[in-house]
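Visitor: Using the working numbering, you'd call the opening residue of the sequence shown number 1 and step up by one each time.
Any given hint could turn out to be false.
[Stated by the list, open to error] Calculated cross-link-like contacts (lysine-lysine; reagent style DSS-like; alpha-carbon spacing at most 27 Å):
#	residue 1	residue 2
1	Lys102	Lys255
2	Lys28	Lys135
3	Lys100	Lys251
4	Lys466	Lys328
5	Lys255	Lys100
No lab work stands behind these hints, which were simulated from the structure alone.
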Amino acid sequence: METRNQAKEVGNTDGNNREIFEDMSIPKALATMAVPTIIGQMVVLIYNLADTFFIGRTGNPYMIGAASLVLPIFNLSNSISNFVGVGSGTLVSRLLGVHKDKDASKVSAFAFYLAIIVSAIFSLCIFIFMDPLLKALGSSSQTHVFARQYAFCVVVLGGIPTITQLTLAQLLRAVGCSKQAGFGMSMGGILNVFLDPLFMFVILPEGNEVLGAGIATMLSNTAALIYFIITVAHYSHTTVLRLSPHGLPNKEQIKGIISVGAPACLSNFLFDLSQMMINRLMSGYGDIALAAIGIELKAERLPLNAGIGIAQAMLPIAAYNHSSGNYKRMRGIINFSRFVGIVIGIGSVVLYEICAKQIIGIFINEPQTISYGTSFIRIRCLATTFMFISFHYVYVFQAMGCGGRALFCAVMRQLFFNIPFMLIFNPIFGMYGLVWAEFAADVLTVFFSWLLYRSYDRKALQPLEKKRAQSL
């Protein structure tokens with residue numbers, strides 16, 4: 001009884017926002033969580049695009065190709081942050097749902113230090129194997145030096161700041177502090193937009209534009225990390241979040257972090273692996289084609305990041321209500337978030353089909369690169385809606401603690417369909433076959449993910465709902 005009263009006392013504070021999880025209307029709750037998250041995702045996208053945009057001002061496709069080669073390596077940081085952040089953040093939301101606040105505090109502190117340790121190991125590995133890794137990704141004599149400069153700054157030096165700040169953002173969202181998480185992500189992104197031209201065109205001499213972009217990104221992520229540490233320390237007085245360890249999570253809770261975090265990590269890793277694969281295969285058609293697909297892969301992130309923001313907003317609310325037994329509200333937030341994401345996906349297809357040439361032209365003015373990029377984006381944008389739905393199913397399974405099903409969906413999308421399709425389509429249809437592979441893979445992934453969810457719904461969720469209804 002004392003624990004429950006303590007939980008209610010914490011829940012009455014502004015930090016935990018228990019009203020969002022329990023009582024607020026579903027559209028309002030999703031908007032409250034999603035709007036700051038999407039804004040943060042959009043600003044992160046802008047600062048990712050900023051490097052490409054400012055490097056593109058040089059008119060040098062080799063510099064753009066180099067930055068494109070490093071993108072999948074940099075995105076591995078997101079995979080690692082998902083392992084710690086999604087795994088621990090989802091568990092924190094589920095623990096709040098059953099009013100185990102002290103356990104949630106232990107998990108949050110454990111996640112902070114785990115992120116630092118794992119990211120340090122990751123950065124060291126990239127530093128040791130950087131040259132063979134870049135060559136394996138398709139770097140040429142014209143792109144290798146630029147790619148090495150960029151990777152050293154954003155991955156080796158920037159690994160700990162990037163991964164740790166993303167982890168803390170996930171933890172803030174887990175307790176309903178979506179605005180604070182979104183502000184931190186936005187702050188780092190806006191800072192990068194200002195630092196990019198400063199380091200690229202003012203501080204460093206001509207020819208070092210890629211190095212300047214890398215330094216700007218690393219410093220921006222470091223500033224964001226400082227903000228998140230200060231913010232979490234401040235909200236430790238009103239939420240379950242902690243930076244100072246007061247005991248370790250038990251074995252079952254650590255297993256819960258891994259069971260959800262590992263699929264989240266693998267999902268992102270396989271996504272990055274597919275981008276590495278398309279870069280590697282596209283490099284066989286020349287540096288111009290590589291630069292074009294690099295621009296397209298960044299440009300297509302606009303609707304994808306919006307969709308990820310919606311799914312991230314849905315996740316803690318669904319996780320909380322799943323653990324508390326409010327399955328009706330859980331279904332409501334899942335279905336409504338899916339609907340919103342589909343609408344955004346359809347709208348983006350229309351936008352990209354109409355404005356493809358103008359979008360690619362923002363990043364570079366080299367005619368052949370624009371020509372390739374325009375064709376690439378018009379094909380790949382067709383997969384946007386299906387891509388969102390496939391990601392959404394992964395987040396839904398993560399919210400319910402179904403790590404195995406989330407893992408299967410992630411593996412199925414990339415290892416069963418997307419990567420094999422690229423390997424099959426490339427010799428048959430050439431570079432445009434590489435671009436069409438994503439669409440074919442996502443259509444099949446959505447179908448089989450739906451079958452998996454329907455099976456779980458009938459065998460697990462519906463019996464739980466009936467049991468709960470009978471107990472009321």
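Visitor: Against this structure, judge whether each hint is valid.
Guide: Right, here's what the structure says about each hint:
1. Lys102 with Lys255: holds, 18 Å
2. Lys28 with Lys135: Distance ~49 Å between Lys28 and Lys135 Cα, so the pair is violated.
3. Lys100 with Lys251: Holds, because 16 Å separates the two Cα atoms, which is no more than 27 Å.
4. Lys466 with Lys328: holds, 11 Å
5. Lys255 with Lys100: holds, 17 Å
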